[in-house]
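Protein chains in written order, with this note's numbering: chain F, 1 to 293; chain X, 1 to 265; chain U, 1 to 358.
These aren't lab readings, by the way, just hints derived from the structure by calculation. Backbone N, C-alpha and C define an ideal beta-carbon position, used for all residues, glycine too. Check before you lean on any hint, since a few could be wrong.
Said to hold, decoys possible - Some chain F residues well away from chain X (every beta-carbon gap over 12 Å; in silico):
| id | residue |
| --- | --- |
| 1 | Q54 |
| 2 | S63 |
| 3 | F267 |
What the hints assert, rightly or not - Listed next, with one range per pair, are the computed distances between beta-carbon atoms:
| id | chain 1 | residue 1 | chain 2 | residue 2 | range |
| --- | --- | --- | --- | --- | --- |
| 4 | F | G232 | X | Y59 | 40 to 50 Å |
| 5 | U | E157 | F | L202 | 29 to 39 Å |
| 6 | U | A118 | X | S154 | 37 to 47 Å |
| 7 | F | I140 | U | K114 | 29 to 39 Å |
| 8 | F | V31 | X | F100 | 50 to 60 Å |
| 9 | U | P43 | X | D167 | 29 to 39 Å |
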Amino acid sequence: MKTINQKAWLFVIPVLLLVAFNALIPIMTVVNYSVQETFGNNLFFWQGLDWFEQLLNSERFYSALGRQFLFTGTILAIEIPLGVIIALAMPRKGFWVPVCLVLMALPMLIPWNVVGAMWNIFTLPDIGLLGYFINNVLGIEYNMTQSPVAAWVTIIAMDVWHWTSLVVLLSYAGLVSIPDAFYQAAKIDGASNFAIFRYIQLPKMKRVLTIAILLRFMDSFNIYTEPFVLTGGGPGNSTTLLSIDLVKIALGQFDLGPAAAMSLIYFAITLLVSWLFYTLMTKDDEPKRGDRI
Amino acid sequence: MKKRSLIPIIYILFLMLPIYWLIAMSFKTTGEILSGFSLFPQNWTFENYKVIFTDPTWYRGYINSIIYVTLNTIITVTVALPAAYAFSRYRFLGDKQLFFWLLTNRMAPTAIFALPFFQLYSAVGLFDTHIAVALAHTLFNVPLAVWILEGFMSGVPKELDETAYVDGYSFPKFFGKIFLPTIASGVGVTAFFAFMFSWVELLLAKTLTAVAAKPIAATMTKTASSAGYELGLLAAAGALTIIPGAIVIYFVRNYIARGFALGRV
Amino acid sequence: MAKITLSKLQHSYYADPQEPKDYALKNINLDWDDGGAYALLGPSGCGKSTLLNIISGLLTPTHGQVLFDDKNVTQLTPAERNIAQVFQFPVIYDTMSVFDNLAFPLRNRGVKEKVLKARVHEIAKMLEITNLLKIRGSRLSPDNKQKVSMGRGLVREDVNIVMFDEPLTVIDPHLKWKLRSKLKELHQKVRATMIYVTHDQTEALTFADQVVVMQDGDIVQIGTPVELFERPAHTFVGHFIGSPGMNILPCEINNGAAFFNGKKIQLEGPIKPDIEGTAEIGIRPEFISLSKSGIEAKVRKVADVGRHKIVEAMLGDTRISVIVEGELPAQGSSVYLNFQPNQTRIYHDGWIASEQKR
Numbered sequence: 001m002k003t004i005n006q007k008a009w010l011f012v013i014p015v016l017l018l019v020a021f022n023a024l025i026p027i028m029t030v031v032n033y034s035v036q037e038t039f040g041n042n043l044f045f046w047q048g049l050d051w052f053e054q055l056l057n058s059e060r061f062y063s064a065l066g067r068q069f070l071f072t073g074t075i076l077a078i079e080i081p082l083g084v085i086i087a088l089a090m091p092r093k094g095f096w097v098p099v100c101l102v103l104m105a106l107p108m109l110i111p112w113n114v115v116g117a118m119w120n121i122f123t124l125p126d127i128g129l130l131g132y133f134i135n136n137v138l139g140i141e142y143n144m145t146q147s148p149v150a151a152w153v154t155i156i157a158m159d160v161w162h163w164t165s166l167v168v169l170l171s172y173a174g175l176v177s178i179p180d181a182f183y184q185a186a187k188i189d190g191a192s193n194f195a196i197f198r199y200i201q202l203p204k205m206k207r208v209l210t211i212a213i214l215l216r217f218m219d220s221f222n223i224y225t226e227p228f229v230l231t232g233g234g235p236g237n238s239t240t241l242l243s244i245d246l247v248k249i250a251l252g253q254f255d256l257g258p259a260a261a262m263s264l265i266y267f268a269i270t271l272l273v274s275w276l277f278y279t280l281m282t283k284d285d286e287p288k289r290g291d292r293i
Numbered sequence: 001m002k003k004r005s006l007i008p009i010i011y012i013l014f015l016m017l018p019i020y021w022l023i024a025m026s027f028k029t030t031g032e033i034l035s036g037f038s039l040f041p042q043n044w045t046f047e048n049y050k051v052i053f054t055d056p057t058w059y060r061g062y063i064n065s066i067i068y069v070t071l072n073t074i075i076t077v078t079v080a081l082p083a084a085y086a087f088s089r090y091r092f093l094g095d096k097q098l099f100f101w102l103l104t105n106r107m108a109p110t111a112i113f114a115l116p117f118f119q120l121y122s123a124v125g126l127f128d129t130h131i132a133v134a135l136a137h138t139l140f141n142v143p144l145a146v147w148i149l150e151g152f153m154s155g156v157p158k159e160l161d162e163t164a165y166v167d168g169y170s171f172p173k174f175f176g177k178i179f180l181p182t183i184a185s186g187v188g189v190t191a192f193f194a195f196m197f198s199w200v201e202l203l204l205a206k207t208l209t210a211v212a213a214k215p216i217a218a219t220m221t222k223t224a225s226s227a228g229y230e231l232g233l234l235a236a237a238g239a240l241t242i243i244p245g246a247i248v249i250y251f252v253r254n255y256i257a258r259g260f261a262l263g264r265v
Numbered sequence: 001m002a003k004i005t006l007s008k009l010q011h012s013y014y015a016d017p018q019e020p021k022d023y024a025l026k027n028i029n030l031d032w033d034d035g036g037a038y039a040l041l042g043p044s045g046c047g048k049s050t051l052l053n054i055i056s057g058l059l060t061p062t063h064g065q066v067l068f069d070d071k072n073v074t075q076l077t078p079a080e081r082n083i084a085q086v087f088q089f090p091v092i093y094d095t096m097s098v099f100d101n102l103a104f105p106l107r108n109r110g111v112k113e114k115v116l117k118a119r120v121h122e123i124a125k126m127l128e129i130t131n132l133l134k135i136r137g138s139r140l141s142p143d144n145k146q147k148v149s150m151g152r153g154l155v156r157e158d159v160n161i162v163m164f165d166e167p168l169t170v171i172d173p174h175l176k177w178k179l180r181s182k183l184k185e186l187h188q189k190v191r192a193t194m195i196y197v198t199h200d201q202t203e204a205l206t207f208a209d210q211v212v213v214m215q216d217g218d219i220v221q222i223g224t225p226v227e228l229f230e231r232p233a234h235t236f237v238g239h240f241i242g243s244p245g246m247n248i249l250p251c252e253i254n255n256g257a258a259f260f261n262g263k264k265i266q267l268e269g270p271i272k273p274d275i276e277g278t279a280e281i282g283i284r285p286e287f288i289s290l291s292k293s294g295i296e297a298k299v300r301k302v303a304d305v306g307r308h309k310i311v312e313a314m315l316g317d318t319r320i321s322v323i324v325e326g327e328l329p330a331q332g333s334s335v336y337l338n339f340q341p342n343q344t345r346i347y348h349d350g351w352i353a354s355e356q357k358r
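With the rest of the complex left out, here is chain F (with noise of 0.2 Å):
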């Protein structure tokens, strides 16, 4: 049992003092922005909610809305399953194992803009090493600057690419706490290899795939930098995502007001999402000491 003890808030002090100043300042800023119109040269205008009312009846934002519900959406159904089959396929003990991990986190220590870089210069048709394979040698069209589809193929596949790991590592943490006599156990009960997936292994990675799903969610949601310097949101507006259209209202045309209204609605989103989510996963999680029988 945690014992009751209010100068606990002593501890907490420093990093309240420290998110407060990143966040609590900001935040005020972007909600002051979001019910004003400025002109520039500083120059603000009281606008009420009016932002929030147009963004909600505007096209614009439900595409934006429906292409970010669409990318996250995409990249959790593929780098989930993926990530939890490949954790299941690694060994669990021996010089491979380290050798693996290292390889697979490489990918997420990559700077964002290099990613984007990075897999610019691998899709270019004529001259990256993807891109001229599949034209020339699979002899099939790809030119993610003209076809949206191949647009959306490439920044899932550079998703995928770049944050799979993550959920491979969770995962094979939460396969290596498995003890033996579990593995054993189960063989002497005769459980086929689904029935000890479905009863031992996926019930102890469900709190490590928990925070997968939400560390992914929350960064898939607010991903700007790869996909901008990939395909800066195109061909046409069909890679913009939530944003990047943000910084092309906010800083192209200077509508600071419909951003930040814009970037608050999504940010209410995101919480109501992960917080949804949260809840359901810890519903049935393992009682307190005192509980148990």
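Model the placement of chains X and U on the given structure of chain F, informed by the hints.
Below, chains X and U without anything else, positioned relative to chain F:
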């Protein structure tokens, strides 16, 4: 060799292909790159790397990045440690709400926060300093750090604290001499995450700097537009950004499997 | 249920074992009778868990065979051998209810729901966990978790053997006793062959009809609890079983008689032929009494452990324990020890070297 080990092998090959292409390009001249497709560099050149190591606008970018990333890692771990301890050991008024609020900061859209950040840090006179970027990156790193460390600390039985107090340790002495070594792998993993997310972030880093603290990633984008399309040079610069991450991950390689479980599983 | 035969079993965890010390099991030949209650007793690292895992099929032995009813099963998987095993730490399928946990081994073998339901309830009743059947596995306390693990081991009626690998390690002391007697009772009800692995002599002696004592990968003695206690085949067994363990005194063998400090000692019977020179006398503290005359010793320490009192005395350089009823001698005083002849044995190179009178 078992059939199923093909899965990780194919996956790793897939991961390595774009990296290979980046490195291969960095050894080509821009002329060779643009003249057509070649799987290996035909005329090996170190010219691209030579430019980076001799031109201060390039290599200072690396130094700047490393300085603010290191600062950020230190700040993140230092402030997250006591907070995580409080969350793992005590119940206090508003603890759950506070914890969730911390996590929400990871969901904040960086793209739109860039401008307020710029104004904020300009107002306090920190614009274009390393510490500005380091502090700004705590926005998304501190919540994650508290989360990870809390997991590790909850895995340490409370009896450890109590025994230490009975043995006459003061709180700071207990924390430094007994508790920290116990969760060393947790601290390592936290530092790794802080390093990683600070190193790879560009948007805030670019917004908060101009000349003196400009990160390498920003140098790359500026060069791309000003000096024409110098693909070979950009590839070399990109290839070099992989190295610090590779070094850090080499150091934590033995913690990875256990540490990524974020403490309790 | 089946008779189980272990024939010339050797096992090494090294790929290329060279010396005897590379082997976790040196050379095991053993028969387990159908329906018996056995205990495998020995200190940590003696190879008992290795042996268990070879019988269950989790390990394949380096050499030798495992036979179930004279059929070679050495290469079969645990599922094919049709055995049950309960592990040291409770293995529970957290997301399943207790009922589903107990039903799991039956469902995997395609047992009909109706039959299965009856059997699960029967087992739950035996273990007194009927009230928990609907509860999720993750919510159980450690001892209930272990009860469910045991239940999963016992739920199949047709298993060849049920094995317990130190199953009471995680159980609180006051519940240990209860579960232990429960197990004994269960054995009488289900009449399955059971092997119980432990390093705790009380657990082994209360559970088993036959106890197999192991040391360093070898079997030292097989016998009933009484045999092990009264006539240990090896000084190791004498030490390991009993509290305090058997007293071992150095002695000289001369012409078929044993001498301690030049004094002839009465034995249970004749010494095996060809034994001369240095050997050891073994006698349990329970079979020594204090009297007016006999071998003189100095009292070093006395202790009252409740049920009886222990006197620790020095016979020259040799320490000797005596269990006494009634009056305790004073510390430092001289006492005279009498050995009960029919319980006094000779050991040579560790192994018993005297024979009982017929």
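Hint-by-hint comparison with the structure:
The beta carbon of Q54 (chain F) sits about 17 Å from the closest Cβ of chain X, which is more than 12 Å, so the claim that it is off the interface holds. Residue placement check: S63 (chain F) keeps its beta carbon more than 12 Å from all beta carbons of chain X (closest about 18 Å). In this structure F267 (chain F) is not separated from chain X by more than 12 Å, as the shortest Cβ-Cβ distance comes to only about 6 Å. Distance hint check for G232 (chain F) and Y59 (chain X): the Cβ-Cβ separation is about 29 Å, which falls outside the suggested range of 40 to 50 Å.
Roughly 30 Å separates the CB atoms of E157 (chain U) and L202 (chain F), a value that falls within the hinted 29 to 39 Å. Distance hint check for A118 (chain U) and S154 (chain X): the Cβ-Cβ separation is about 43 Å, which falls inside the suggested range of 37 to 47 Å. The hint said 29 to 39 Å for the Cβ distance between I140 (chain F) and K114 (chain U), and at roughly 58 Å that hint is violated. At roughly 20 Å, the beta-carbon separation of V31 (chain F) and F100 (chain X) lies outside the given 50 to 60 Å, and the hint is violated.
Distance hint check for P43 (chain U) and D167 (chain X): the Cβ-Cβ separation is about 32 Å, which falls inside the suggested range of 29 to 39 Å.
In summary, the structure is inconsistent with hints 3, 4, 7 and 8 from the numbered list given earlier, while agreeing with the others.
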